[in-house]
Structure formats: C-alpha cells, structure tokens
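From just these sequences and the hints, can you work out the full model?
2 protein chains.
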Amino acid sequence: MTRAASPSRTLNVELGERSYPIHIGTGLLDEPTCFAPYIVGTQVMVVTNETIAPHYLKRLLATLEKGASRPLDVRSVILPDGEQYKSIAQVEHIWDALLEAGFNRRCTLIALGGGVIGDMVGFAAAAYQRGVAFIQVPTTLLSQVDSSVGGKTGVNHPLGKNMIGAFWQPKAVVVDIASLASLPARELSAGLAEVVKYGLIRDIAFLAWLEEHMAALRALDEAALAEAIARSCEIKAEIVAADETEQGVRALLNLGHTFGHAIEAHQGYGNWLHGEAVGAGMAMAASLSHQRGWLSAADRDRAHAVIERAGLPLAAPANMDSAAFLARMRLDKKNLDTHIRLILLTALGEACISDTTPPDQLDAFIEAYPRR
Amino acid sequence: MTRAASPSRTLNVELGERSYPIHIGTGLLDEPTCFAPYIVGTQVMVVTNETIAPHYLKRLLATLEKGASRPLDVRSVILPDGEQYKSIAQVEHIWDALLEAGFNRRCTLIALGGGVIGDMVGFAAAAYQRGVAFIQVPTTLLSQVDSSVGGKTGVNHPLGKNMIGAFWQPKAVVVDIASLASLPARELSAGLAEVVKYGLIRDIAFLAWLEEHMAALRALDEAALAEAIARSCEIKAEIVAADETEQGVRALLNLGHTFGHAIEAHQGYGNWLHGEAVGAGMAMAASLSHQRGWLSAADRDRAHAVIERAGLPLAAPANMDSAAFLARMRLDKKNLDTHIRLILLTALGEACISDTTPPDQLDAFIEAYPRR
Chain A
1483 MTRAASPSRT
1493 LNVELGERSY
1503 PIHIGTGLLD
1513 EPTCFAPYIV
1523 GTQVMVVTNE
1533 TIAPHYLKRL
1543 LATLEKGASR
1553 PLDVRSVILP
1563 DGEQYKSIAQ
1573 VEHIWDALLE
1583 AGFNRRCTLI
1593 ALGGGVIGDM
1603 VGFAAAAYQR
1613 GVAFIQVPTT
1623 LLSQVDSSVG
1633 GKTGVNHPLG
1643 KNMIGAFWQP
1653 KAVVVDIASL
1663 ASLPARELSA
1673 GLAEVVKYGL
1683 IRDIAFLAWL
1693 EEHMAALRAL
1703 DEAALAEAIA
1713 RSCEIKAEIV
1723 AADETEQGVR
1733 ALLNLGHTFG
1743 HAIEAHQGYG
1753 NWLHGEAVGA
1763 GMAMAASLSH
1773 QRGWLSAADR
1783 DRAHAVIERA
1793 GLPLAAPANM
1803 DSAAFLARMR
1813 LDKKNLDTHI
1823 RLILLTALGE
1833 ACISDTTPPD
1843 QLDAFIEAYP
1853 RR
Chain C
1483 MTRAASPSRT
1493 LNVELGERSY
1503 PIHIGTGLLD
1513 EPTCFAPYIV
1523 GTQVMVVTNE
1533 TIAPHYLKRL
1543 LATLEKGASR
1553 PLDVRSVILP
1563 DGEQYKSIAQ
1573 VEHIWDALLE
1583 AGFNRRCTLI
1593 ALGGGVIGDM
1603 VGFAAAAYQR
1613 GVAFIQVPTT
1623 LLSQVDSSVG
1633 GKTGVNHPLG
1643 KNMIGAFWQP
1653 KAVVVDIASL
1663 ASLPARELSA
1673 GLAEVVKYGL
1683 IRDIAFLAWL
1693 EEHMAALRAL
1703 DEAALAEAIA
1713 RSCEIKAEIV
1723 AADETEQGVR
1733 ALLNLGHTFG
1743 HAIEAHQGYG
1753 NWLHGEAVGA
1763 GMAMAASLSH
1773 QRGWLSAADR
1783 DRAHAVIERA
1793 GLPLAAPANM
1803 DSAAFLARMR
1813 LDKKNLDTHI
1823 RLILLTALGE
1833 ACISDTTPPD
1843 QLDAFIEAYP
1853 RR
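Here the protein sequences line up with chains A and C, keeping their order. Count along the first sequence from 1, then add 1482; that gives the number in the working numbering. Count along the second sequence from 1, then add 1482; that gives the number in the working numbering.
It cannot be assumed that every hint is accurate.
Any copy will do: because identical chains look the same in the list, a pair fits if it lies in one copy or spans two.
[To be verified] Derived pair list, reagent style SDA-like, types lysine to any residue, alpha-carbon separation capped at 25 Å:
id: 1; residue 1: Lys1540; residue 2: Glu1565
id: 2; residue 1: Lys1653; residue 2: Gln1729
id: 3; residue 1: Lys1540; residue 2: Met1811
id: 4; residue 1: Lys1653; residue 2: Ser1769
id: 5; residue 1: Lys1653; residue 2: Thr1727
id: 6; residue 1: Lys1540; residue 2: Pro1519
id: 7; residue 1: Lys1653; residue 2: Tyr1520
id: 8; residue 1: Lys1540; residue 2: Ile1835
id: 9; residue 1: Lys1653; residue 2: Arg1732
id: 10; residue 1: Lys1653; residue 2: Glu1574
id: 11; residue 1: Lys1540; residue 2: Glu1709
id: 12; residue 1: Lys1653; residue 2: Arg1491
id: 13; residue 1: Lys1540; residue 2: Asp1845
id: 14; residue 1: Lys1653; residue 2: Glu1728
id: 15; residue 1: Lys1653; residue 2: Ala1701
id: 16; residue 1: Lys1653; residue 2: Asp1725
Calculated directly from the structure, the hints in this document are not laboratory data.
Quick look at the structure:
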C-alpha cells in the first residue's frame, strides 16, 4: 500500500472548453484519481529524462495502471537532461517513438520532469497528428509555478530561446510537492525567481509574505511551498485566462525575461539557469524602472533584496557588454516591428509594458549596470 | 504596365475571428490589392521552390512592393521541389532564414507554390514564435482547390504522411488561374481528383457538371477552371466552417485518402502523385461502398468513369498486397483507438464515416481489388 496523499488543493485555469485543473499536494504521483480522468484514448506515452526517470517513472507507471478503467498501452521515452537538449531534434525522437508504437490521434502524452520536458512534450503533443492530449507532471519548482501552466510550449533555436513552439493547453497539471525533495538548492532558487516575479508584478501582499517565508521555502517547508505554489499558479492562471495567446496583459509575466533570455542565450543554454538569468533580469528591470522615475530607490532596493534572499544573482555577467544584450533583445518575441519592449515596474506589485525607453538611454543603462 | 486582372471572384471561409477570403481570378499575381491588406507588420518572407521561382517569384515581389503603403523588408527562401522534401528538415530551413533575418512575431510568410510549399510554410508559420501570419498563393490545381483552404498544415514523417503539423489558418488565399498554364498535364489530373471528390461527397449536380466539362478542364479552359475551382473552394469552405479541427463532418473530405495515403507512403512519396493515389483510393472506396450494399453498380461505374476521364488510375499498384495496405491504414489519423475508419459513399453526392467493415471483409476486398 502506498501512503495516502495528504490533503491537496485544486485550482482551475478557466479557458472555456480548454479549461483544466491544477492539482497541488504531497504524494500526488501515487494518486490515480489525479491522472485517470484526463487520459484520452488507451495509448499513453510518458516522456521524461535520465535524471528524473530513476526517481519517479516506475511510480507513475504503477499509478497509471492502478487507475485505469480500461487496458492501457503505456510506453515511455527517456531523453537526455538539460536545456541544451531543448531542441527540435529531441522532439523528433518523441514523434519517432509515437509513430513506431503506432499511436493515433486519440493518445495522451505525459510530461514527467522540469520545464524543458514540459515545453518539449507540449510541443510534441501540439504538432503530433495536428494535436493530441497531454498532461503536465512538473517535478521542479520552476515548472510547477510557471511553465506547466498556461499552454506555452516549444523548443530553443541556436539563434533564440523558445523561438519554435505553439500555444497548446494540457488536460491537467499534477504538482507533487514531494518531488522537490530531490531538487538541487540551485534549482530551487531558480524556481523562486518566478515566484518572486508574481509578487513583483501583481501582488504586494504576496511579496511581503515571501519576504517573511523565504527561509522556510528554501528549507523545503511543505506548508510554505504549497502556499507559494498555489498562489503563484493562481496569479498565472488568472493572467492566462485573461489573455491566452499573449496579446496584452500576459506579457507582464515576462518581467526580467527580455534581459534574462539575452543572458541565457549569450552564455549558452544551461550555463546560467533560466531562473538565475530571470533573477538578474528582474533586478535590471527594477533598476531601469527606478531610472525611468517609476519606482522609488527604496522599492528598487526592496525588489533587489528579495531576489537576493531567494539565492539569485543581481549582477549581469561580466562577459556581456550592452551591444551583446541589445543584439539578443532585438529578437525577443514581444517586440512589435523594430522597437524593444520591456516589462517594467510602476510600483511594487504593478507592472507595465513599455517600449518608450530611448535607445541611447537603454544602451547607457545596460553599459553602466553592475557586472560580476 | 502589367495587364489588368480579369474579373475575379472572392469567397469567404467563415471562421469567426479567423475568417479569411479566397480570391480567384486570372492575373491576380499582378494585383497588389490581393496582397497588401493581409500583410501583418513590415517583415515579409516569400517561400517558394526551385521550379516555381523562375516563373513567378519576381512578379510577386514586384506586386508586393507596388502595393506597400509602408516600406517592407521582403526576403525569399527557395526550397527544393517535391513531396520527398516535405519534411521537418525543410521547415527548419525556413525557421533558420526567419531568425537570421531577425524577423519578429509581427511578420508575414507567403507560400508561393503547390501543396507541399503551402503545407510546409503554413506549419512554419504556425510554430514560428508560437504563430505568425501567412498568405497562401497556390500555383497548382491541387493546392488551389484543396490544401490552401482550411488551415491544415504539416510535413511528412518516414512512417506516415502529414503526421506532424498544426491547424493554422492563412490571412488570405490568392488563386491565379493563369499559373496553371505552366502545370504539367499529369499534375492537372492529380488536381482534378480533389475536384471530383467534392462532387462525389457533396454535390451530384457538380458531379454532372464535371462529367460534361472534363474535356474543357483538361484543355485549360479558363472559364471552366474558374467555375470548378470556385465551386470546389465553396464546398471545402462550407465543410471547414462547420468543423475546423475535424471532429466530424470534415473527415468526409478524406474520401479516397486512407487508401491513397497508404499507396503514396508505400511507393515512396513523389512516385505516385497525391492526386493519382487519391483517384485510385476513391475508386476503391466506390467499389467497397458497392460491396457494402450502399452504392448501386451503375453509380459505382459512374464514379469510376469520371475518375478515369480526369486522367487518373482506377487500379491499385501491383506491388501492394492487402497486408501492405492495412499496415499503413492502421496509422491513419482518422482512426480512433484501434478501428480503421473509412469514408464511404452512401450515394453519389453523399458520404459517411464508417468503421463497421469487418476486418476480414476489408482484407478480402483489398486483396481482390484490381491491380496494375
């Protein structure tokens, strides 16, 4: 007998006929009712990576079998681990496996892993036979609070992050908080970058809660994690429901990401973690917001302090000058025509989309920003 | 000065906020008003192939320039010609070109060519930065009456045709009938397969019209072509509007395609043309419909005769036994769970989706069907 799952909570992402639940709790990987209702057809492909497979694959396969009301044909694919493998070549391995198994349009993919696995499996599902069902089972804090919710899927290209992809919503997201026990501290901090982001762009009360509970979160306190994950998913779900395909407000979720993507791409994917680059990017955005006259020095410092207490860098990498940043930033998907658009803070808990920073000022700001 | 375009007609595909026009006429490649209103942003990438480029690329580029109300950054990509190049590798060439040119999310792709180019460019647009605008400029009869309308995009996989793709609607379809002048007779016949299909599944009056005008169509009579293309697009637009993502009635458009795809895949893409395989596939479907007791012998013979008069084969390839057909047919996207679904005729002008042919009967039917 597996131990009973502790009380869990369920949020809903409201997207009309594409709505889906997010189940959050400890031990949900062993909970058949979190999976069985969302499986379409009888053909199921679990996709995971070499790091995650030894920990959780067998358990998930057992849970799927236990919950099945009809015989399922469950297969699995194990990909290499790392952002450098978030490529169309790896997605092709998934498609090969699906076709070799003879899977048809009524099949279900399950993404078991972090954001790289979730984004790739989502895109594989979006484009296989023009779209099949998938379930997200995020095992890192970053993917639990961010990438598994909202339907953005895709892969990197040597010339830019997430340049190839689709909007494709999962049938369900299952967050087992217990899976964070095996997560390295550096990756936990990277996940906290997105948690802090929700506070900064949308909810000053949550930001204050984070200032108070940061030590508990970094010590893996389950109650604190459950609260932080649930509030993060709530904010994300609310924003996604208002703007599924990022025509407007959804862009606010990119606070720190334009600078951050430039850092990640320039350093080579996998050298800076995504969350680390976003941490430094948010610190840059806070400083620029202050320089634009929108954020007080005290609020800028408070933003910097919470980023730092999450275990994240504030400084930009020493090997990137302003030109290196700007060349990458011009490729950002948020740009319309030729202007660089940034997410900036108008207060703690409030963000805006801005393309009004004069190019010279932006260049000088980046050049003068601290390096490490 | 270019010659004035002759009177053209415009149909609309009604899909709510994804609705778009189909412009049909002679000389439309020289008509700026057919293109300018549908270009999003200022970055435009025309994608075509080695066969089409020498005929039409310069003319289209001139038309785009002439119609532009703002300076456009127009580039082009020329891919190799042929169904064997309908692959993810070629789509990657398009993505590379877009990223090397620094194109952002507000750009427009233009597909200039037959169905292979249209399907690949549509998928490239669907997945570039999670979706950008595209315009279809089909230059073959097949693509004018079928693949350019309805938003099915994608590429082949060694294990199956169109296995990777997306539903992604163009901003407009521009059909220049004059481009058929350079089309080989064999490809014209292949296009007529889909025209005949619309009559068979939906419109016995159109089928009768086709019986009467088949010689004029094959002689490239412009008035007859305009009528056949417009009626075909009308029927397709109506069916697509009723069922954009093929949950139901849209599957009827696959008459002859389950047998046909098996033939194409088994022979190696490009050896039998798609339309030739569909012609033989429709003949097989008509014969099976008769065997199931749904179509009289006279109606079956009438279906066979119109397929033959379009210049298409009725017989299946000599090198395919029933097992070879069935192995391919089991991978068909229409199948739900493990049943093979076929489109069959319940009368001339009426089709149905059927998965009730007993496996033994289907096997014996295919085995006994004429070969050449």
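Any hints this thing doesn't respect? Which numbers, in order? 3, 4, 8, 11, 13, 15
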